[in-house]
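**Q** So the sequence lines, in the order shown, correspond to chains A and B.
Mapping the first sequence onto my numbering, position 153 (from 1) lands on 153, and the numbers just tick up by one.
Mapping the second sequence onto my numbering, position 185 (from 1) lands on 185, and the numbers just tick up by one.
Careful, some of the hints might be misleading.
As the list claims (entries may be wrong) - Coverage of chain B stretches by chain A, computed from C-beta distances (three or more under 8 Å per stretch; other residues unrestricted): (1) 22 to 28; (2) 32 to 45.
Claimed, not checked - 25 Å max Cα-Cα, derived BS3-like pairs, lysine-lysine: (3) 51(B) <-> 3(A); (4) 5(B) <-> 16(A); (5) 3(A) <-> 48(B); (6) 51(A) <-> 68(A); (7) 115(B) <-> 89(B); (8) 89(B) <-> 3(A); (9) 89(A) <-> 5(B).
What the hints contain is simulated information worked out from the structure, not anything from laboratory work.
We put the beta carbon where it would ideally sit given N, CA and C, even for glycine.
Protein chains: 2
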Amino acid sequence: MEKLKALIRLEESLAKLPSVGRRSAERMAYAMLNMEDDDLVEFSDAIKNLKQSIHICPICGFLTEGEKCVICDDSERDQDTLMIVSFPKDVIAFENAEYYRGLYHVLNGVISLSKGNGVDDLNITSLLKRLDEHHFKEVIIATNPTIEGETTALYIAKLIEDKVDVVTRLAYGLQMGGNLDYTDALTLSKAVEGRRKL
Amino acid sequence: MEKLKALIRLEESLAKLPSVGRRSAERMAYAMLNMEDDDLVEFSDAIKNLKQSIHICPICGFLTEGEKCVICDDSERDQDTLMIVSFPKDVIAFENAEYYRGLYHVLNGVISLSKGNGVDDLNITSLLKRLDEHHFKEVIIATNPTIEGETTALYIAKLIEDKVDVVTRLAYGLQMGGNLDYTDALTLSKAVEGRRKL
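If we strip away everything but chain A, and leave its shape as in the complex, we get:
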């Protein structure tokens, strides 16, 4: 049977969401037909509003609805330490961990040869400007422990080494609560290499 065009159109958008396949998109679109009109208008407006109200903090590259992000705006945070991350979600992860109290700089990308993402795709101009205007005692590079993350970390470290006292990298090692025998060889080696005195 010929499908309704408006349903197909909606399914195509829904199928772009993470872990939504063709079949789920169909079920979702169908369920939306049974939603209240008000709920659909609200849904539609929430999408339209998303990028209009959220933008990138001009200082650090994190997401914000105000002029500066909540972190750059918080004078009680440690102004001497800067953590460089790849994406806003990394900031959220560290904030949820409630351990780190310094500032952040979000690159909004990684260097990836396979995906054709180069240095120009990173939020670096504002990083260099920031390091010139403010002296940080320590810059922690917190990109992912992947080839792309490592490449990015090395590039950034080289670029900023003369501008700060110390550049550090997150520790590699065993995962808390994990099992030694389920840990991959590379991580085990890194755990030994980075061993610390008790």
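Since chain A is already given, all that's left is putting chain B on it; use the hints.
**A** Same frame as chain A, but now just chain B:
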């Protein structure tokens, strides 16, 4: 950390989709932040357009984008047989099975005491009008084999018995490709009760 209001707002709409929990809604909303602006505008418009372009066929209660639905509009279908179903998705299921070639009437609801859905919530006025204006040789009641579906079927059957030659109900029995020993007792009893001569 305080969450961005525009993200929370979108998450609340996403969480209304079937089988999308709080955590999935969060991931989806975050992923949408990284979508192209054009894709978001299209998504938003597709939702807004949904109910504007799809409405209920005034004859049978099925969904349509035109004046009449594709089934009511198809003069080659068997005009003597009418199948009464609960929801548009039931029509789609029968059409996908490609067996039934008659017309449909969609109640757009079921009688459910627990949910407080009564007779007034069913698309019955147009059914009675239709039966008065056109003589059907057979009306098949195809509500779900559940308490709600059975209640609805009995109510409708009583209501229309004087207006048509025969009122029938879908057969109960074993599921094709199923196993006898995995079939519930009620279905097994119904399968024996409804046995047919070979």
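**Q** For each hint, tell me whether it holds in the structure or not.
**A** Here is what the structure says about each hint:
1. 22 to 28: Our answer is that it holds, as 3 residues pass the Cβ test (under 8 Å) against chain A, meeting three.
2. 32 to 45: holds (count 11)
3. 51(B) <-> 3(A): holds (15 Å)
4. 5(B) <-> 16(A): With a Cα-Cα distance of about 23 Å, the restraint between residue 5(B) and residue 16(A) holds, given a limit of 25 Å.
5. 3(A) <-> 48(B): This hinted pair holds, its Cα atoms lying about 18 Å apart.
6. 51(A) <-> 68(A): Roughly 16 Å between the alpha carbons, so the hint for residue 51(A) and residue 68(A) holds.
7. 115(B) <-> 89(B): Between residue 115(B) and residue 89(B) the Cα gap is close to 20 Å, so the pair holds against 25 Å.
8. 89(B) <-> 3(A): holds (12 Å)
9. 89(A) <-> 5(B): Answer holds: residue 89(A) to residue 5(B) is near 16 Å, not above 25 Å.
Consistency with the previously given hints is maintained throughout, with no hint failing.
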